[in-house]
Amino acid sequence: MGPGSIIVRNLNVRFGEAHVLKDVSFMVGSGESFGLVGESGSGKSTVLRVLSGLNRNWDGVVEIDGNPLPQRPDKAFFRSVQMVFQDPFASLHPRMTIDAILAEPLAIHGLDQPDRRIERALAEVGLDGGFRFRFPHQLSGGQRQRVAIARALILEPRILLLDEPTSALDVSIQAEVLNLLQDLKLRLGLTMLLVSHNLAVVGHMCSRVAVMKLGRIVEEADIESLRKQGGQDAYTQELIAASRRVALASA
Amino acid sequence: MTEEPPLVEVSNLRVRFHTPTRIVEAVRGLSFSLGREKLAIVGESGSGKSMTGRALLDLVPWPGEVQADAMRFKGQDLIGMSGEARRRLRGRHLSMVMQDPKFSLNPVMSVGRQIAEAYQLHRRAGKSEARDRALAMLEDVLIREPARVFDLYPHEVSGGMGQRVMIAMMLIGEPDVLIADEPTSALDVTVQAQILDILEKLVTDRGMGLIFISHDLPLVSAFCDRVIVMYGGRVMESLPARELAKGQHAYTRGLLGCLPDLDRPVRRLATLQRDESWLRGG
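First to last, the protein sequences are chains E and A.
As numbered in the working numbering, residues 1 to 251 make up the first sequence, in order.
As numbered in the working numbering, residues 252 to 533 make up the second sequence, in order.
Treat the hints as calculated values from the structure; they're not laboratory data.
Each residue gets a CB set at the ideal place from its N, CA and C atoms; glycine is no exception.
Among these hints, one or two may not hold up.
[Unchecked claim] Some chain A residues close to chain E (C-beta under 8 Å, calculated; not the full set):
#, residue
1, 409
2, 439
3, 509
4, 511
Between the sequences and the hints, there should be enough to build the whole structure, so can you do that?
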């Protein structure tokens, strides 16, 4: 498979006694957007942590760009896979300026022309240069999440892992951030793996989705077929019903 | 019933923050009354909805200043009341579930002990009775192993569980009015529905008044009786919850328009166009 593809086969993760991922398998094609939905504790975030190299204790086969992911990936790997976290209030260092936050990954990876790259990254997420020397507390939630996206993109990754990127944001800001992610994906040809508990958000962003429950994938489907036929699994049906109930109220 | 004053009456509430450079007006002239019903206050962050709840409880942080033509709880004047009397109302009669369990729970005390403490304080109960009530309360908010969770510290519980712990703590005093600030935003859909059922029961069975602060319009439309839509500290619109979708104000329409919908896929989501004139007049 091409650059930016992800293959996961029989992924198992245990934390002591707890078996948190049980034979998880799925594939994401190059440039595809794939969604993972499920309750908290179902293992969605753990999948992302394995793929991003943050969790080094796993069994199974994971291939990124067609190459097997080692238990201890090298620096080049971290450059190609970047993650955006849920809470923009917690994921940015409170005592570093936006400039320092964006310069750090560049310094770690020894990239040239940090000045130009920082300027470009901010422009890409729709923030003007005036934000560059501010601190995170001087920014709104939506602006902070844009900075977090800029920090991920500044290394020019092929794969973007998104862990509930908009659930801490207002719906109006959510719409702006989702539009931004769509634009970036098209422009940069990114592969995206989006974790969310909101099926409507996943439906808007992704073409395929896997539903997780208690560490297993209970169903994998096209959004289109979920929309038309509903899910096979009872839990999927419940999620669809919940998002319809919510949608009906505003119809 | 007709003789009874409303649970809460607020007229022309203003909350201001005096900063060295300017005066920030968080709430600008809000009026409403609450009966034994579910009233929603919706709006984006910064619209003043949380400050409204805090003003009712006398919990507006320094240097905030609260003014109102009238603010009454069951006919008692809250503005002229002493801090001591306000404190006695708080938790026992008027209670608020804060938005973020991570910042609102005591990090060095087990969650169960915090709930029991609330009960002991309001009910003058003994330790073991308080512990039993706290365990029962944890069960009521659908925590599966109350005895195990009782001894956990806030950093050991998930966001959703922390939110349920907060709800348990606020309900254990059996308040007449509960102000819930985004009580279900960190919860999964299934648990969310169950928590809403609990709140619903308290309103219908016990006659509690509920002020439900949220930015989730579809949710409040389905769950609440009335909705106040706020923007920039002002009321944009006030209408029955069922008719929220038919809201006329451009702000209400804008908020509804930017929600993704599983059944109506669009290439790009609409974004909200804000209008300066919303903050003038009215």
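Tell me the numbers of any earlier hints that the structure contravenes, in ascending order. Failing hints: none at all.
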